[in-house]
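Sequences listed follow chains P and R, in order.
According to numbering that gives the first Met the number 0, the residues represented by the first sequence are 0 to 391, in order.
According to numbering that gives the first Met the number 0, the residues represented by the second sequence are 0 to 391, in order.
No wet-lab data here; the hints were simulated from the structure.
Please read all numbers here as calculations on a predicted model, not as lab measurements.
Treat the hints with care, since some could be wrong.
When chains are identical, the list treats them as one kind, so a pair holds in a single copy or across two.
[Unchecked claim] With a straight-line cut-off of 27 Å between C-alpha atoms, the simulated BS3-like cross-links for lysine-lysine are:
no. : residue 1 : residue 2
1   : Lys-324   : Lys-83
2   : Lys-380   : Lys-260
3   : Lys-260   : Lys-365
4   : Lys-380   : Lys-256
5   : Lys-235   : Lys-83
6   : Lys-324   : Lys-368
7   : Lys-350   : Lys-244
8   : Lys-380   : Lys-270
9   : Lys-191   : Lys-321
10  : Lys-350   : Lys-17
11  : Lys-53    : Lys-321
12  : Lys-356   : Lys-381
13  : Lys-321   : Lys-356
14  : Lys-17    : Lys-346
15  : Lys-151   : Lys-324
16  : Lys-370   : Lys-2
17  : Lys-17    : Lys-199
18  : Lys-199   : Lys-125
19  : Lys-16    : Lys-342
20  : Lys-17    : Lys-332
21  : Lys-129   : Lys-159
2 protein chains.
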Amino acid sequence: MEKINNFLFSGKSCGLKKNGDLDVGLMVSEIPLRVSAVFTRNKIKAAPVIISKKHSKNIIKALIVNSGNANACNGKYGILDAKKVLESVSMETGAAQGNIFICSTGVIGERLNAPLIEKAVPELVKAADKGGFRDFAKSIMTTDTFFKIASKDVVLGGVKHSIIGTAKGSGMIMPNMATMLAFIFSDIPLEKETADEMFKDCVETSFNSITVDGDTSTNDTAAFFYPDAAKHPIKKTDAGYGAVKNALSEVCFELAKMIVKDGEGATKFIKITVMNAYTESGAKKIALTVANSPLFKTMITGEDLNWGRIMAAVGRSSVPLKPEKIDIYINDKLIVQNSAVSKGLSKAEEKTVLSPKEIDFKIDLKCGKKKRSVLTCNLTKKYIDINASYRS
Amino acid sequence: MEKINNFLFSGKSCGLKKNGDLDVGLMVSEIPLRVSAVFTRNKIKAAPVIISKKHSKNIIKALIVNSGNANACNGKYGILDAKKVLESVSMETGAAQGNIFICSTGVIGERLNAPLIEKAVPELVKAADKGGFRDFAKSIMTTDTFFKIASKDVVLGGVKHSIIGTAKGSGMIMPNMATMLAFIFSDIPLEKETADEMFKDCVETSFNSITVDGDTSTNDTAAFFYPDAAKHPIKKTDAGYGAVKNALSEVCFELAKMIVKDGEGATKFIKITVMNAYTESGAKKIALTVANSPLFKTMITGEDLNWGRIMAAVGRSSVPLKPEKIDIYINDKLIVQNSAVSKGLSKAEEKTVLSPKEIDFKIDLKCGKKKRSVLTCNLTKKYIDINASYRS
């Protein structure tokens, strides 16, 4: 079981989800925490995003999250209802409202039934326990089909420390946050500035390098909580810095991978690496253009090697490249050489190359030396089933 | 029947399509023509695009088009095979190769079976006739479920002139051309520079304002053919200019609309207008972000008014706006007022507002005075059926 010093977790069903699933989660800390957080870049932000952005500068003592309602696009009621929730958590935990981090995920534009949460808060606080992480992880799920947990230990000066995290998807997934929430907790004291930078780097290659459907929501938040280090925090120049960053990066990447694997209706897990590009941002742009192409995604579903669709997506990304020089590898098999079909590709291989559950695409631009990978999944009829009737 | 002075058309089956459908079309002109053309902005361009771009500066005497194969991403064979086709058309019509416009559409990355076309060219030339426009229109179809023709008459100085056009979709449709071909023909003599500008304007508000799936192909071409006006062409300052431009614009718009209506798997026709934006380009960007959102498209399929998805798409388009001021109308019914649900919306209306086959969305930003519309369709399981096995 995932446990971590000084962090207590719980999760309950308060009635926001009609089916009785867990829909509200709490973390309370026995010690003052700091948080490094990354929020949606969507111009339309949910009320809890606006509040937590402000609170993220303060000491943090608790985190309250609900699923089943995004508390976005509710006009003046958004902030009002979020404050009601904060007030009840403050009452029960003793933490000031400014020391509480709050998130919501679910349907946009329906007023949050705050009284349901308020009623559940006393129970949540009472139940909060070192062993409650799974309940917390379950309480943030929406269309996710499994709860997502990753953890990693780090030994610093002979003492074992932990980083544990949970995240939820699974539609509206796209860089710069999606309808995604990710919470990572560590017992390693860190200086906020150092941790902010560290976490931003880790998010860039994990949560910001995945896409399910290209949509970005109003609520997305990734937050990393750790003890406030008044004395002796780990700084960038310290020996332990690299080890902590690696562990944090691995936890973020594991969670990001799980989000893609649980993409709505997905049956295939796809990694797209664009290599030898002129710039890293160009490599990422091409990889995302391919990853978000419905024609690419449906080709994977049909296991029909129509590689021209990859070429078309690469070409329309408007990234500088040499149109006649592109090589494409699928699971390390050369498929396209110099922008035309590879002579070594047999009819039999053509039929089976897209059969595996996990498919690795390498697009070699042979232009520069930069490289980036993104993770994505295929597009199936189930995605349409799920999203044609999400509210019903 | 669509006929036009001096233009002869034909369409045949040469065997590129395995099912015996028409797959090669020809236009030959009895008089020298000019062409104004707009090509894909995809960096990876099919061989016929490269050739026709060059030839579009010349006098045009003939147009040869094939469906069933895009002749894209075939390395050195692309130009070679296209030239074989040009040579046979040149032989049979007497037009120099440089006076022939050539287009291809279909699967990318499979070598064009040029001998099949070469064999059909004599028959095509023999069959070319004023009454052959429908065969020509049919010969350019790929996954289209119906052939697309639009026409408009213009009276200039008491003489009746015509503009007729045909186009094909119906996946990979996105501004800056898609897997789209559009050919428009007129018997009105025009000066090339004037016509170039006129056609560019017409394309911007028609073919460049539609989207089916956000994909853009390697082959897209829209071309407008008209008699070379050595003497007395219509200039921008002439009285007839406005009438010609209006008629051309209407023909382009009609064809664009048909492409969207025939979007792969589409069952709903959607118009999205973004109004009172700061800039026209911003309005278009928002409209396209909404139009291409899979969550928006599946919501339409499910007739489930989850308007938060529209808000989320508007917000992630990164266009400057006032997040608290957005109004949304669906078929003129106010749904969202100041970024929250409209009080006037009843439960009954909520259930039926997405029922019509044609749905008109107005997104009022209440920021500036600029406006743009785009046309799109919904995303259904049939899109996935069509595209998971396009080649088989």
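**OP:** Just pull the numbers of the violated hints for me, sorted ascending.
**Re:** 3, 5, 7, 9, 13, 15, 16, 17, 18, 20
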